[in-house]
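J.: Construct all of the structure, not just a fragment, from the sequences and the given hints.
Residue numbers (the working numbering), protein chains in the order written: chain A, 36 to 691; chain B, 4 to 487; chain C, 567 to 1068; chain D, 148 to 254.
Since the hints were derived computationally from the structure, they do not count as laboratory data. All of these numbers come straight from a predicted model, not from anything done at the bench. Even glycine gets a Cβ: it sits at the ideal position worked out from N, Cα and C. Hints are all accurate, no fakes.
Restraint-style ranges between C-beta atoms, simulated for each label pair:
#1 C:780 - D:158: 58 to 64 Å
#2 B:54 - C:772: 35 to 41 Å
#3 B:152 - C:678: 46 to 52 Å
#4 C:1013 - A:514: 53 to 59 Å
#5 C:1013 - A:43: 45 to 51 Å
#6 C:618 - A:507: 54 to 60 Å
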Amino acid sequence: MGEILLPLLILCPLAASMIVSVSAGRMGACAIGTVACTGVGISAVISIILSITLLSGPPAGVLQVTLWPWMHIAGFSADIAFMLDRVSMVMILVVTIVGLLIHVYAAGYMRDDPGIARFFGCMTLFVAAMLVLVLASDLLCLFIGWEGVGLCSYLLIGFWYNDPANTAAARKAFYMTRMGDVALLCGLLLLATATGSLRIGAVLAAVTNGQLAPSGVNLAALFILVGALAKSAQIPFQTWLPDAMAGPTPTSALIHAATMVTAGIYLIARLHDLFAMATPIMALTAILGTLTLLMGACTALVQSDLKRILAWSTISQLGYMFLALGCGVWQAALFHLMTHAFFKALLFLTAGAVIMRTGHEQDIFRLGGLRHAMPGLSAAFAVGASALAGLPLVTAGFYSKEMILSGVWHVHFGLTREWTLSGHPLWGIALLGAFLTALYIFRCVFIVFCGKKQGTSATGRTSRLMSIPLGCLCFLSLCGGVIEMPDTLPPLHLFSTLLDPKTPLSHADEPIWLVLAGALAPLAGLGVAWVLWGRATPVMHEIPGQAAIIRLARTGWGMDALYDRVFVQPFRLLTWLTHHDVLAHAITATGRLTQAVSGRIFQARTGFLDILSIWGSRGTGWMAYLLGQLDNGRVRWYAAWIAGGLCAGLAMAVLS
Amino acid sequence: MIGHDIFLPTPLLVISSGIMIMLAAMVWRRSVGRSFAYGLVTLLLSLAVVGHHPGRMSGNGDSLFIQDRWTTYTAILIIFSTMCILFMSWRDVAHDGTTLVDEYPLLFMLGTLGALAMVFSANYMPFFLGLEILGISIMGLVTFRHRPVMLGYEAAMKYLVLSGASSAILLFGIGLAYGVTGSLRFMPPIATGEVPAALPVAATVMVLVGMFFKLSAVPFHMWLLDVMEGAPIPVAAFLAIVSKIAIFSSLVRYFGTGAQPPFLNDILSVVIILTIMVGNLLALRQASLTRLLACSSIAHVGYLLIAFLCPGHLQSGAITVYLAAYTASTLGVFATMTAFVVPDGPDGTVIAQWRGLFFRRPFLATAMSLMLFSLAGIPPGIGFFAKFEVAATGVEHQRDILLCVLVIGSIIGLYYYLNIIRVMMAAPSSPSSTLNRHARPELTALVIVLTIIVVIGGLFPARAIHPLLPAATVPPETRDGIRH
Amino acid sequence: MNPLPALVLLPVVGGGLAWLAEHIQPHTTTPARDASWWVVLGILTVETLLLVMVTFHHPAHAGPWLGHFSVPWIPAMGIAIRLDMDGLSLSLIWLSLILCFLCVFLATRQVTVNAGAFHFLFLATLTGIIGTFLATDLFLFFFFWELMLVPMFVLIAAWGHEDRQRAAMKFFMFTQGSGLLMLLSILGLVIAHYQESGELTFDYFTLAHTPLSPAVSMLLMLGFFIAFAVKLPVVPVHVWLPDAHTQAPTAASVLLAGILLKTGGYGMIRFNVMLFPDAASHFAPIAMGLGVAGILYGAWLSCAQDDVKRLIAYSSISHMGFVLLGIFTGSRMGMQGAIIQMLAHGLSTAALFLIAGAIQDRLHTRDMYRIGGLWTAMPRLSTAGLFFAVASLGMPGLGNFAGEFLVLLATWHVSPTTATLTTAGLVLSAIYALRMVNRIFLAASRPDQHPIQDFPVRQMAVFACIMVFLVVLGLYPQPFMMFSAPSPLSVTAVTSREGATP
Amino acid sequence: MPAFSFNDILLLATTLFSVGLAGVLVRRNMVFMLMSLDIMLNAAALVFVGAGARWHDATGQVMFVLILALAAVETAVGLAIILCLHAHGRPTLDADTGNLLRGWNHG
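T.: In structure tokens, the structure reads:
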């Protein structure tokens, strides 16, 4: 029964996307909305049924479906094959359920946009591509989903194509992710040559039993890591995510918070056996994770645009997940991924609703005191914020962050014989990050909702269609985390056992003060935020912008400008240089291929690149001209030629 | 010495009698049409008897004439070309009723007689006589130009002076050869004991120079451009085709198709390289179509000489195919040029006048393009197979330099041939009224026949050419004569 | 009756009929003007039936070779009209037919001035192409190789756009000039065989077994390589392609991009790698270097173009670089990748050229700045354009990616550094494809744009077929790979072919 | 024993020939060109006579007569052409001036 449901799971959103985009002109807005939502809804129901069947089956049960052989040649074979195990079960649940909620919300949000058909066409295509990515059991099949997701994010970021800035942001996002995809492709090529097939099971088996040399393992892991970093907008590739906010808010919620950016984490979690063998790469992931975490938090602290704050916060939360992956606790990363999907989607959707009702005003300093105008939205935002900050016991965020922190504390990287990196410094920075997260999110809450009324007034009510998803997401954000308790509290490890029944994740000797520290940090952040921005006369209405460090941080630590100067400008110069095809001129300069007649060429165009062609054609033209001169119509001159020819002939014959 | 039984190939007889009849008719009453008719009839008759000869061919090879498949093949080509040229010139001479031009067809017949004499000659005497008859008749024909009459006379004067000089050189060479060998047999003199070694070599070189002048190989090519431009179109065709075929066939007869002596090899290679390069480079800069065709015929002589220089199994095929291709294509181009001429309109010698022909007279333009493609060596025409064969002989002999020159030459050749087609395809500059299509049936018929020959020859070269292959094997006795 | 010669001659005969059809009622109403169009359509359908007949019931014992036909042509030189069909030539002929149907449906209708001649030349080019794919007699191959250029030259020179004369000249000079080098190589091989065995023949199979010294075989192989490199456009000699493509009329540029470039690839497989295997393996590193250079240079250049057709032309140089890379990796996987890439590139670039041609017919310009965003005005055309631009940037799941992945995998086996360098080309291809999309499809429409009518549904259906082809080629290339494998040149091929003679 | 050996005749003929050739090259007047042509032809005829004497063979004489005939024809036609040129508006007898068939700038 599973064999039919699994392909059906992917087919539904694909079919919905086909229907919506083909019937672009003819269907009304709500009809399109319903088609899209039903498509994703069916796949949500299917994924729930599949999860139930999977959980009722044997603990390590895996549902394998091979649709058809894709490429079978000597030395390499790849098929379109899907598999469902516990890891992908969690992912499809997140994708379909959060996706459904966001689609319902978007049906309301985008109702009066003329391009709604194209919007939902791309959104459902995105869900289909994400499901392919998550369910693929062949890495090449995963790559289809991987690039499909990148394409849909490009189409959706550049949705309002009338403004060139949006399309430029979309292209930037695609180029950055494309660089990562290319690195991932190299990784796949390396694995394919080593193991002859790209089935995940085969690859992991080959790697574990040493078919690949250690250097090869490290290199493959590095390639895959770079691919994941680009997709999840981590340190070297993070400039595209803040610009990606140019897209409609449901897109940001679905793609740039819940699903696409987490694809990298899912991939590394899926290949954790491979990464476990490459300790230097694990250390690198951890370090990059912590750096991104810290950088994201600091930048979010100084942002003035509501959606950009959420974008930077996503980057820093992803930093947490990468840190967890680096420290080997991939279950914690997946758990945090799930909870993060819930509360970040909630935050984005609420922000969307706020922006819609205040006439597309995104600057938090011009939004003030909205608590009275929209109590429901304020409450939802507050719930999301607290879950993001990880307020103890009450929110899901606390449990997943706690799980990561405990995982990080116990890790020891044996990089080289004498140099081992222990988890304590990383834990310290992570804790600081938690504090900063609480600080910036509550800064946003106090400024937007609690301060005195600013200019913009809120109009109308959030439609019912948009408030239901917010409600569900609030519930999930609050009690989504109970299924996984740290040991000090009642030992409830439902999630980790669900994920990986084999290795129980229990740290019996976990010090009690570890959990307390994890709980106190967000509270401290809340307190400091209340002191700075919560009280009637805020101490610093807005952090004084003149400090150079603040201005630098506001622009994402100048990385954008740096990339622009290092990569984009030289590339543009290079392309200008070749505007008139240097090689073409060099080639045509070999003379007779250009107009051989020399008359027209001498007054030909000047300019450095054309000197070559002039010289070549002038050579041929000159020869032809010289010969023309000989032919000057005088008989005696011809007779002289004949005599000359005679003497030369005689000389050659008699003398040689 | 010469007194033994007379052996004279029948075509020569037929044509000389034809000329006699034309002269007699001219005395009685002048009429251009009738003399053309006589000319065509005699040519047809000679074509019929081209292979036949009265009496027995003497075995010991000192007879004046010789007849074998090679002579038959070249004679057929010559007679066929002259018939086409007569067809061509019928229109632009006849309509001019004013001046008495009976001599025009007569001179053509005399020219053919000279050419055939050279082809059939096995002795210096008939060769020299034939050469002079051809030369003198060409001088006469060149002066028949209409509008800028001065061009004709100037061209004739130049041709006279230069061909006189070259015949003197040729005669001097023959004299030396006669001095060395004591016999006028038509073959390179062999150095016997008592004569200084340099003499026969000098004799051969001087004879070669005489022939090269007529073939317009490079150091001696200057005259061809001016004379062809000055002459009327049919005479230019006669010059480019008939005189070249006649001289080339006597060149093959004279040197035989075996391996050439070393000194000759070097001279020939140098001449070939010069001919191809200069021929093509000159053509690049020509604005007049006849001058361009002159340069192209110079270049084609160069390609032909490559085939001549590389003896072997493929050589005979290459030479016969190339001669046929060259004749057919050049005749075709000249026929199209005459068809292009309109009584009061442009005379077609300047390339610019051909602008936009595809849109005005599509049939003529397609015919011209097919001919030019064949000259350039591009598939639909027979020229493609000809160039292929020549390259084959070149490769068989690993003549790397000659092959490179062949390739470079044909690439340059591509340019100026395609240039004409490009001009024809350009939008017509002056929206001239569609030229009055007064039909000139015989010209259109001629153009159609020639196009068919070129295209069918290109598609089925085997059927058209190869049965004549054995013709190229030089008659055994002259070959033995050399080897005695 | 053996279908192969009919397959070759039918188009040119049909072309003649089309020309006559147009001339019989040249001056009557429009339906008559379309007479030649209907004749061409009829000819193409008959041709497809013939091809179907050949594909599906070839004589059982023919082994890998599907059809054989041999008739002496010039016995003295050992030249015969030898036509042999194997998987590779069959798949490429199928591609040519599909593209011809495309042209007939979408492009040749716009030709008004003497349409009969246009159709005749169009079908004459098709004859040249099918002849090139089938000929296994070196002279016949060279004959069709040169014959193919003449109608294309006339098509570009007479019906092209503003600077067509120079472009046609450059196109003809380049390909013809390099063809002469191939002529010398063919003759070198034949003469070597003749001196070796005393038998003068141009048959591909017997010549394949001539023992040659390494130096000579490398020299001959280079002669062939240069001719095919000019046609395939390998970078240093690609100069003619952008001009020829931008100036050619739509139907001609579809034929040019879709199939003429593939004759270069086919030639390299058939006459370089399989005729001189050891010389090819020595030459492989240089060829692969040229391939990578082609990929990067083509992509890099198309990022700088403002003219739509030039951009697509340079992008096809970059894609053909993959084909060159694949052919010279030496492994079967590389060869399969190159063939799939050729098929996919044929489809996607032909469609892109049709779209660019449609835009040029409507807006009379190719300059991307003056075209502006077309999504609002022409949603259907823009969706098609977006799809094929995405296909050309190598989106997995579409044909181009399947070819490129196999080529990359084969190159990785040979040298990982080259493969990583090639993947950089993929980033560049994303840049130029999306730059085009965001310049003429997903962009703000120009204020002064007069109302233009979108693709009619019928034409969109044709585009939909190509999209389906591409998706199937991308997701299920397995049958294409099995089907289009070039038959091995081993002795068995020779004997089995003898058996198959009619 | 003939009075002169073949080599002496050859020497004379070569000098005569080069004089004639120089005449053609140097003189600008067309009539003089024709005269030099005649000298060259006679030089060639002389070689034939010498060769005939050496081989005691009449062919030399026959060739001599033929060459004379040719020379006569050449001169006659040459003069006729010069007259026509003169009649149709070419004043000087100079071979270099008034040439319409110049090289590449014509037409």
